[in-house]
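Student: Position chains B, C and D relative to chain A; hints supplied.
4 protein chains.
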Amino acid sequence: MNHVLLINSRDQKGLISKISTILYQNDLNIVEMKEHVDRASDTFYMRCEFTGDGNIEAIKDKIKKELPANAQLTLNPKKKKDVVILATKEHHCLSDILIRHYFSELDIEIKCVIANHTNLKELVNKFGIEFVHISHENKTKEAFEQEILDYTKKFNPDYLVLAKFMRILSSNFVKHYPNKIINIHHSFLPAFIGANPYRQAYERGIKIIGATSHFVTDELDQGPIISQKTIQVDHSFSAEDMKKAGRDTERLALAEALNHAIDDRIFVMGNKTVILT
Amino acid sequence: MNHVLLINSRDQKGLISKISTILYQNDLNIVEMKEHVDRASDTFYMRCEFTGDGNIEAIKDKIKKELPANAQLTLNPKKKKDVVILATKEHHCLSDILIRHYFSELDIEIKCVIANHTNLKELVNKFGIEFVHISHENKTKEAFEQEILDYTKKFNPDYLVLAKFMRILSSNFVKHYPNKIINIHHSFLPAFIGANPYRQAYERGIKIIGATSHFVTDELDQGPIISQKTIQVDHSFSAEDMKKAGRDTERLALAEALNHAIDDRIFVMGNKTVILT
Amino acid sequence: MNHVLLINSRDQKGLISKISTILYQNDLNIVEMKEHVDRASDTFYMRCEFTGDGNIEAIKDKIKKELPANAQLTLNPKKKKDVVILATKEHHCLSDILIRHYFSELDIEIKCVIANHTNLKELVNKFGIEFVHISHENKTKEAFEQEILDYTKKFNPDYLVLAKFMRILSSNFVKHYPNKIINIHHSFLPAFIGANPYRQAYERGIKIIGATSHFVTDELDQGPIISQKTIQVDHSFSAEDMKKAGRDTERLALAEALNHAIDDRIFVMGNKTVILT
Amino acid sequence: MNHVLLINSRDQKGLISKISTILYQNDLNIVEMKEHVDRASDTFYMRCEFTGDGNIEAIKDKIKKELPANAQLTLNPKKKKDVVILATKEHHCLSDILIRHYFSELDIEIKCVIANHTNLKELVNKFGIEFVHISHENKTKEAFEQEILDYTKKFNPDYLVLAKFMRILSSNFVKHYPNKIINIHHSFLPAFIGANPYRQAYERGIKIIGATSHFVTDELDQGPIISQKTIQVDHSFSAEDMKKAGRDTERLALAEALNHAIDDRIFVMGNKTVILT
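Residue numbers (full-length UniProt numbering), protein chains in the order written: chain A, 1 to 277; chain B, 1 to 277; chain C, 1 to 277; chain D, 1 to 277.
I should point out that these hints are in silico values taken from the structure, not numbers from a laboratory.
Just so it is clear, CB atoms sit at the ideal spot from N, CA and C, and this is done for glycine as well.
It cannot be assumed that every hint is accurate.
[What the hints assert, rightly or not] What follows is a set of in silico ranges between Cβ atoms, one per label pair, in the way DEER data are often shown:
1. C:Ala143 x A:Asp107: 25 to 31 Å
2. A:Asn26 x D:Gly128: 58 to 64 Å
3. D:Asp11 x B:Arg167: 54 to 60 Å
4. A:Ser236 x D:Lys180: 34 to 40 Å
Here chain A stands alone, though its shape is the one from the complex (with noise of 0.2 Å):
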């Protein structure tokens, strides 16, 4: 069984001897080892795969004994994640996730997908996953959110994708899944941030459209960036077409950044992320 070593600390002249001299004398293989240093805040990050057995717990306690303090650490079997999505009625970037998940091209369970809206409904049965209905009508932002906390409360997941969710959650709601809900969100951010951004890059006349996948946060559209894509445009496109030449942007940019956080590989960084790839 593959286990995956994250370390999060100051940086420390010797980490990577320490750490590598404590798996190499347990006997373990390393199948993959990246680091990186942040300069700017002195941060030494390290994802480290690696195969064989021996006391974990023991070697994990070594592990941090050399470790500046106030060094994060995390040390788990690599599993497979448990995903719960939400959607409100674009299909693109659900469908996306769907078929890679049929095909077995993700490594995750997706426990249901919750939308505020039905069309997707019998999509998502076609795949045998549960389809949960939370409509936003009639009802309070706090009551509709609380809807959705109760429904995913129960699967524990490891991530919530929003796919295409075009509800801006409260910062209440975000606190429940800190660094767990990856949105994407259909403009290179930091531009045309908010709602209609297809609208607002045809307005503004660009000959670039963009998608970004992020982590939510307190702020919108304000998250710290796991993945971006662009592709040229031109005067000829309306808005509309934008939106359509969009679609695979937005898939691809959010597949990439799934696959990242579903492979332990994101590390957040204040409002940044630092991806060992």
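Tutor: Just chains B, C and D, lined up with the frame of chain A:
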């Protein structure tokens, strides 16, 4: 000699028929003809390049009579454009233009390079181009700009190219050269307007950086966009690394914009461009 | 109802004038008109989409009279295209088409999916599309192909789409569908013709991989190219990693080619395509 | 002073631990450390850049002792590379290098530019670089190459850069500079090997063109690939248009390759490269 016909008018049935028939009846050879109809504003754009002898003024009049009221029409010999370049300290966009010009890859005549610092003088002079130092120090912005205006006036340039000119031009300056000042901004606008866009990009933690070439208007970095380019970056890029990596993007975006401009391919439509390539 | 006029003829002065005048005189509304003149072969290509009532046959005759001898002209109502898809075992291109079709993003009617294996049956049936298993085993290539021909014949499809159909079609098969069989090859042709292009790419140590969608002709992977896409890879990619990474490239190249085809935008010029977008 | 440690050996458990521990015990500061294990050949690659005082020779010996037999190891001060450039008539790659060098963006010393034509002399001399004309006319290939070898020998260059040098070098020449001759070929290899790749690309009707920078080996255009870039083209591009459009691609691919080379980031593995960035 090639001529370029540019038309910008309210759309109307039969425009292509009428215009192309006049050209045909005058035995002109169409080298390239491109049209675009903007549906939102119901506007017709045409660029037609042709060869052939004939009374150009008479042809122009005939076409004009067939167009809706308020149509804009120009019909001129295709000619080398006169350009004045403004720079500050960074060389890469300027170098790129100088080299392309030196090897006749840009159909322009560079009348002079004006800079508010002197470090690029040696480079410019290598290519036999006049370098003019106009400092912004110890004078008002008005006085600084007036010096530039006075110097450029005598050349009556077709375009002013801001090849990393790092001073913000006033409305007063801009109104002397409407849609004739081409700037390169080191971000994918509208993200990161204003100073230090790479620093802003770094702080935001984005995964793509870009460059935008646009016409300069009254509002900072808000003019009609001509060309945009992006490249991927990641967490390992410092703001300085982004700046270095962005240089090629800037050079390519500005070169593309300049090529469109000198080839008479750009129409300005409100705050957008229609580029008939 | 929209009509699409396609013309392919020797170039001649006045063609645009004559054609557009006939359309104008018949009070037709041009939605989009694109022309290209290939200088090397002196050939004129035009695609014109228009709306309006009128005697289409009469208009067609009038235009034909104005064209040079041997000109090719079609003028048909714009219509949904009938498509038969051929597949083998890989799902990604097929899934992509099924999903786009299901959500009405591709203006096609999928008559059936024929595959020489059965693993995709379940997927295809989910979308209410007929899945036909025609095995290539225990029979000659001729017999195998004849079965496919017999089955497709009744649908009289506009296009056969090879969505990762891994059998090489004989000249005899191809001649039944000239310029109507669209293939996706998993390399940037003409590099890596034939079997296992990702393996070939890996062995050669290339830094980009690609996909090519093209019309199928007699010669393996030599037909007119419609669309190509590439992405960057590096030394860390195994042949299998390239295969995975290439899937999105393949999907996008095939989807683009298919969109051009169903929109009647592709002319075949010798072994090349002219695509009027 | 920075040192660069390069290791290339059979893979073995504990290598990172052993190497990093030696560096740590000698109180060296690791600036950047990158490893790659090629699973197919079971080979370990490492590039480690560090600062610090110490007995470099002693450290090198200690590390060597820990490595498997036949391991290759170099440990040298990071230094400016000496480069001789070969050119023919085209300027764009040469210009690019001259300009980057002039503004200290490439950490190289250009010892001279050798060309078999004279049209680039004026450009080269502008930058204070020696231009050497060695004609290929009226002499055997052997004699021509011997002249170049004789001239370059005295500089003992780290790299020979073929900046659009259009003569094919013999095996005899190449063996003097194994993995030290960097070429730029104007196609995405392995497509369009040999002469006139843009003409070949045009004839084939491709929708992307590219450029490849690679080490030169005995076999024409078959050496280890360092960098590749592509751009989209369409049916409107003549072979000449492709050539023009391809220039920027060539410049960028060569500049990237050169940057990797002068930064000691490239390992040659059989006929491939491992580039530790």
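Student: Would you pick out the hints that fail for this structure and give their numbers low to high?
Tutor: 1, 4
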